[in-house]
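Starting from the given sequences, assemble the full structure and let the hints guide the process.
Protein chains: 2
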Amino acid sequence: MQLFVGNIQGNFAEISGDESQHFSKVLRGKTGQELAITDGKGTMAKGIVLKINSKSVEVELVEIQENFEIRPYKIHIAIAPTKNMERMEFLLEKATEIGIDEITFLKTFHSERKNINLERSRKILLSAVKQSLKAYIPEIHDLVKFTDFIKKNHSATKLIAHCDSDFERKEFHKIIQPENDYLILIGPEGDFSKEEIQLAEENGFRGISLGNQRLRTETAALNSVFGLNWINN
Amino acid sequence: MQLFVGNIQGNFAEISGDESQHFSKVLRGKTGQELAITDGKGTMAKGIVLKINSKSVEVELVEIQENFEIRPYKIHIAIAPTKNMERMEFLLEKATEIGIDEITFLKTFHSERKNINLERSRKILLSAVKQSLKAYIPEIHDLVKFTDFIKKNHSATKLIAHCDSDFERKEFHKIIQPENDYLILIGPEGDFSKEEIQLAEENGFRGISLGNQRLRTETAALNSVFGLNWINN
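Residue numbers (the numbering used here), protein chains in the order written: chain E, 1 to 233; chain H, 1 to 233.
Certain hints may be false.
To spell it out: a stretch of chain E is covered by chain H in this simulated footprint if at least three of its residues, at any positions, have a beta carbon under 8 Å from a beta carbon of chain H; those stretches are [to be verified]:
1) 89-97
2) 224-232
For lysine-lysine, the following BS3-like pairs were computed, each having C-alpha atoms within a straight-line distance of at most 30 Å [unchecked claim]:
3) H:Lys170 x E:Lys46
4) H:Lys51 x H:Lys130
5) H:Lys152 x H:Lys41
6) H:Lys83 x E:Lys83
7) H:Lys25 x E:Lys83
8) H:Lys123 x E:Lys83
9) H:Lys46 x E:Lys170
10) H:Lys170 x E:Lys174
Bear in mind the hints are in silico, worked out from the structure with no lab data behind them. Ideal placement from N, C-alpha and C gives every residue a C-beta, glycine not left out.
This is the structure we're talking about:
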């Protein structure tokens, strides 16, 4: 059954915008048809199409599950986007499939990319949510200055992945714990600067190493997302 | 230091083809320059450029490490390639960065793609090896019929990942063991057919599930590669 994202209110749901167009025009959906619908905030439902309007589709829900497949841990990755945006888009898709809650793009000292098409990134997340049948759309945040971001109040355990051996780094796979929330900073291709690492440490971030391998930015992020989901298996 | 792939013989190495062009034309390398070199078969060396010819570069080695970062386990993924080849290419790159030994492309009942540009795939592997500083280039095999492949003599533990609940499936993360070799079959978007799963079981493959999530073909493969490397951490 195909999954749509829409607004859910009580026993009814409304699909609008691209999702509505996709149902009525691309898939040539009909009233009476069964479909799956999520609000992207944890509710997963099954419903029957009541009415197809020109810009929306009305659905009567026959089965509603709240907190659908909710995970007892949160993963937030804050990453300096790569020059090649395709690599970031692939990360958004794969991280969503494997399980991620929040993504923030960082402007760092060695960053090569200074802008992000957030609308396009959101579409990729949406499409991955639909494809992998999830009920939560990850939160995504526009580029923010590294120095501003690390000073914010973050309740998760704070880690910074880097390759600078002048600083103490713990091995990621040895320190992570199940059912714990993590915020992990992933640097640009030229790594975080010494000043950035220092500042992160002063703000409660712990240095970690993701192994001996030299990983690309997006692979380092994927590795972290994968590891955290793995230990919670 | 940049890594090149070439032939190593005793204390000397020769870089040729694209690698030689890259050194002399793109990077404008000079004699006397230091570089890292691997034969792609486990030897990692440091050397000094002795001579730059029109189609090759001669290097004197000053440090040689055999079995460089060799892993005590082998991972072989046999996969039905996706229609969209970019997804397969991303998998080749990421799997190489994270650690894989062998990749075979499968022709299955529900396969959408019937051909592979093996030369292009090899270039992606090579580039990922260079980027992630590895000394082993993964082996890659052209499309082979599923029924032929599973009947071959494979010494690794044989698993088939599928979503068909008519067959018994073990949870992947619960059954895998460190320091063990695995061959894992990953199906096409429409999954393996019942006949294929049956036949695989008859040939010693054990059914596995990669979790509740509906994963794309390349994500299922990545998940397996990540998991096997993770438990060997």
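Evaluated hints:
no.	hint	verdict
1	89-97	holds (count 3)
2	224-232	holds (count 3)
3	H:Lys170 x E:Lys46	29 Å, holds
4	H:Lys51 x H:Lys130	22 Å, holds
5	H:Lys152 x H:Lys41	24 Å, holds
6	H:Lys83 x E:Lys83	27 Å, holds
7	H:Lys25 x E:Lys83	24 Å, holds
8	H:Lys123 x E:Lys83	21 Å, holds
9	H:Lys46 x E:Lys170	29 Å, holds
10	H:Lys170 x E:Lys174	26 Å, holds
Going down the numbered hints, you'll see the structure goes against none, and every one checks out.
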